[in-house]
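In order, the protein sequences belong to chains A and B.
Each residue of the first sequence is one higher than the last, beginning at 102 in the working numbering.
Each residue of the second sequence is one higher than the last, beginning at 507 in the working numbering.
Some hints here could point you the wrong way.
What the hints assert, rightly or not - Sample of chain A residues facing chain B (criterion: CB under 7 angstroms; computed from the structure): (1) Val194; (2) Val198; (3) Ile212; (4) Val225; (5) Ile375; (6) Gly377.
Unchecked claim - Rough simulated footprint, nothing fancy, chain B against chain A, three-plus residues with beta-carbon under 8 angstroms: (7) 119-126; (8) 153-163; (9) 265-279; (10) 329-340.
Said to hold, decoys possible - Chain B side only, calculated, beta carbon under 8 angstroms to chain A, not exhaustive: (11) Leu626; (12) Asp631; (13) Val784.
The set of hints was computed from the structure by calculation and includes no laboratory data.
Since this is a predicted model, take the numbers as computed values, not measurements.
Heads up, the beta-carbon is just placed ideally off N, CA and C, and yes, glycines get one too.
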Amino acid sequence: MKNSLKLVLAVVLCVFLAGVAGFADEYILGIGFTIFMYIALAQSWVVLSGLTGYISLGHVVFFGSGAYVFILIWGLVPVWLGVFCSGIVVGLVSLIVGYPVLRVRGPYFVILSFGLAELVKNLVLINEARMYVSMRPVFGAPALYQLYTAMLLLAIIATGLTYWIRRSRFGAGLRSIREDEEAAETIGVPVAKLKLLAFAISGVIPAMVGAIFIMRSGIFQSGDAFTPIVSFTMVTMAIIGGSDDAPGPFLGVVFLVLLQELLWVNWPEVYMIILGILLLGFVLFIPNGIYGWLSEKYFGNKKNVT
Amino acid sequence: MDSLLSPQLLAAAMITGVLYALISLGLNLVYGTMRLLNVAHGDLVMIGAYVAFIAFSLLNIGPLVSMFGAALICGFLGWLSYKCVFQRLLSNGQLLSRLEENSLLLFFALSVIIQNLAILFFSADRRGYEYLSAIVEIGDVRLTGARLTVLIVGAVISAAVVFFLRFSLFGLAMNALIQNRDASAIVGINVDRVQMSSLIFGFGITGLAGALISMMEPISPVMGFPYTMSAFVIIILGGLGNLWGGFLAGLLLGVLEVYGVALTGPEWRSVLVYGIFVLILIFRPQGLLGSGKTAR
């Protein structure tokens, strides 16, 4: 397919999805909301972990922090400005936190990302307990179709961002870090700067997603907002889809959200077990994900392992 | 401040320390010999605890006997996961190039599967049983019989394991593998077999530690996770793959945790453990005993 044709198709699809908000019922909008949410999350994850190989198992920290910032300024600023602010605040903080964190490499980074998320979660829990708040309700949130449209927008931005970064000079730099960080540094790629930038970019959108998510759930609870399940679902989706390029996570998300829709309510354990088996199978047998596998098989271009 | 110097607190720190040392030993073996990062480690503690619980409540077998059963069952799981999953991972060049990251994802998947199977079978409720719950007094220290037993049995078994690894042929082969995989293969060590045995052995002692823990604490399908975290803190503190370092770090973390909680309050326990964890990773990823070079 020609690129322009692809673009036209994508625009038509987006306009259609946005138009659906006008007349679809709550159930459809709810599923759409969840799909867009995970697309935005998984695409953001790919910017850092898919491209640089710094696998983050604690990406929920951005999601939860965004939600927390948002609930703290809730009522003080207009709703959408609040969402925007939470993204900016989390992005700025991650620029500072990222500096020491990204000096840690390989497997150490993977466990560090996880430990960091748990540390932030427990600090928020303690802070909330000190103020004698166990949960914070969100009153007067916008209607579901508005949230749906906002989430669609975030999903589009995240996908576009991943697509663009993957093909930009910036993205080439990030992938050189994944292949061989020392070699990249030697030939003059500013690895420290690029990593930090990717880390912050990869945090901004999940923060905004977190903010919108608590308007949908109507409640902020630190334990739920920072649950590792979100991190793991993100990782699984990206890996099942193929985490090197924008179409990959997209496939993984649609597949898993539908599965979640079928099983989550009645058999949450079975859902998690299937998730585990899928992750196991994909890492062992199809490490390039659905997208990588398809493009290798049908289009003959070989993708790199992430 | 008086309470900080009390032998009571010291005893509590010793119990936690010995258990931590034992649990982290298994994790360290698996990392040291194969470079696998086992994030499902705490779930083995959970399995061991449930084995002891079931043996006690259904079959009326005490945990001091059933802990060997727990070790056998967890060892069997080690064999199974080696045959089904890790043999493939360790022999596939493409997967091997990002071994640690891939092993993390695989173990994570296993952890999710094990935990949810446990919830399906045993429900998510917390359970416990009464065993040796009478108070024993030694000097100024008052302990339940169960905690005293855990301290003694844990110390004996840890010592036995350390000596076994230090002096037996099998232990020496494992040590050789930890030091240099390729060289061990060249001098005629059957790498595949030693890898499999260390996975079985590492899983087994962890299951045994789980059975001991079930004597003192309520158990639940999600109880393992904090142990995974603590075990990781310990083996990084001690230096990845460094068995002695890990053993000492286990005792150290037990002391830090018990005294830290006594100083601040129980709600700070997780913050304390994760805080040490994050700081260590950022400032001394090679561990306290390690040289300037990272293990990577």
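- Query: What hint numbers does the structure not satisfy?
  - Reply: Numbers 1, 2, 4, 5, 7, 9 and 12 - these are the hints that the structure violates, sorted from lowest upward.
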